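Engineer: Each chain, written out:
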Amino acid sequence: VEPALVRTEAAARDAAVALVAEESALVARVQAGDTEAFDILVRRYIRRAFTVAFRLLGHREDAEDLVQETFMILVRQIDDFQLGRPFGPWMYRILINRGLNARKARALRRTEALPEDVSGDEAPDLALERAEVRARFRAALSKLPPRQKLVVELIELDGFTRGEVADALDISDATVRWHVHDAWRTLRRVLAPLVSR
Amino acid sequence: MRSNARLRAIWRGVDGPVPMGEAHLNQLASRIADDSRRALRARKSWTRAALSIGFAAAAAAAMAIAMIPKRPAPTLLGAIKGDEASARTFEVAMVGPRDGAWVIAAAIGTDR
Numbered sequence: 003v004e005p006a007l008v009r010t011e012a013a014a015r016d017a018a019v020a021l022v023a024e025e026s027a028l029v030a031r032v033q034a035g036d037t038e039a040f041d042i043l044v045r046r047y048i049r050r051a052f053t054v055a056f057r058l059l060g061h062r063e064d065a066e067d068l069v070q071e072t073f074m075i076l077v078r079q080i081d082d083f084q085l086g087r088p089f090g091p092w093m094y095r096i097l098i099n100r101g102l103n104a105r106k107a108r109a110l111r112r113t114e115a116l117p118e119d120v121s122g123d124e125a126p127d128l129a130l131e132r133a134e135v136r137a138r139f140r141a142a143l144s145k146l147p148p149r150q151k152l153v154v155e156l157i158e159l160d161g162f163t164r165g166e167v168a169d170a171l172d173i174s175d176a177t178v179r180w181h182v183h184d185a186w187r188t189l190r191r192v193l194a195p196l197v198s199r
Numbered sequence: 562m563r564s565n566a567r568l569r570a571i572w573r574g575v576d577g578p579v580p581m582g583e584a585h586l587n588q589l590a591s592r593i594a595d596d597s598r599r600a601l602r603a604r605k606s607w608t609r610a611a612l613s614i615g616f617a618a619a620a621a622a623a624m625a626i627a628m629i630p631k632r633p634a635p636t637l638l639g640a641i642k643g644d645e646a647s648a649r650t651f652e653v654a655m656v657g658p659r660d661g662a663w664v665i666a667a668a669i670g671t672d673r
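Heads up: the sequence lines are chains E and S, in that order. Going by the numbering used here, the final residue of the first sequence carries number 199, and the count climbs one at a time with no gaps. Going by the numbering used here, the final residue of the second sequence carries number 673, and the count climbs one at a time with no gaps.
Hints were generated in silico from the structure; no laboratory data involved. What you are looking at is a predicted structure, and each value in this text was computed from that prediction instead of being measured. For glycine and all other residues, C-beta sits at the position ideal for the given N, C-alpha and C. Among the clues, some could well be false.
[Unchecked claim] Looking from chain E toward chain S, a few residues come up when the C-beta cut is under 8 Å (computed):
| # | residue |
| --- | --- |
| 1 | R136 |
| 2 | E158 |
| 3 | L189 |
Start from the sequences and build out the full structure, keeping to the hints where you can.
Structural biologist: Encoded structure:
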């Protein structure tokens with residue numbers, strides 16, 4: 003193993019330890035009733051929490067409700083948090099479990115299409131083709147198990163690292179790799195005509 | 562894998578990360594902050610109320626116990642007079658007969 007790589011890994015480990023210590027201190031303050039400490043944690047995680055919630059529910063308002071509900075559960079259960087453990091995985095676990103249950107339990111509003119990042123002057127036929135390809139991708143993704151779909155979208159579209167996804171879903175790095183591999187196998191099979199044309 | 566790379570490029574060309582404006586996220590964070598403030602305040606006052614109720618209940622129980630009239634310990638003389646005779650009184654009478662007291666005590670014991 004190259005010394006530079008070892009140094010990088012050691013630095014990453016140190017950073018993770020420092021983060022856990024810092025977040026434990028914040029949680030201890032929340033346990034003592036400090037609302038500002040909780041606000042710091044909320045602002046630190048809200049972007050990623052919203053991303054995961056949106057990927058799970060496919061609708062902005064449902065995702066917002068899920069994020070808000072998750073943080074309220076965290077406040078109510080703050081005394082159960084074991085200091086010295088990372089905060090993120092605890093938050094994601096609650097968010098994802100509730101999100102998956104919400105998907106099953108209630109008839110969600112129709113999935114909201116993500117705003118398109120195309121400029122207004124895009125040719126109509128090109129826009130139509132993009133929409134068609136996007137629809138085919140979404141149809142292919144809907145064939146994946148919910149957790150697998152979440153894994154591959156977070157990594158491929160939202161820039162999560164494998165480690166972050168493993169922490170969020172409370173699974174091993176190897177399981178994340180397997181999900182990605184299996185998801186791509188399905189996508190390749192279903193979307194083969196797209197590649198060959 | 563090459564086919565993954567090609568598919569990935571197509572996918573990223575038509576889809577992207579979940580869109581979120583900074584203002585929109587701030588709004589959501591503020592809403593959560595308000596709710597959590599209320600929840601933490603309620604939790605604090607609930608704890609205080611629970612402690613107060615606990616202390617009040619303990620004090621009331623202690624007072625109630627203190628107000629219960631104490632029954633005098635059963636004595637041989639009391640037993641002769643017809644009060645309650647404990648087994649201990651009876652035994653004391655049996656082992657320490659004096660002036661015929663044990664006969665009376667034995668009679669009371671039999672009677673009971």
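Engineer: State for each hint whether it applies.
Structural biologist: Structure-based check of all given hints:
1. R136: With a minimum Cβ separation of about 4 Å from chain S (threshold 8 Å), the hint on E/R136 holds.
2. E158: Because about 6 Å separates E/E158 from the closest Cβ in chain S, which is inside the 8 Å limit, the hint holds.
3. L189: It holds, given that the least Cβ distance between E/L189 and chain S is near 6 Å, below 8 Å.
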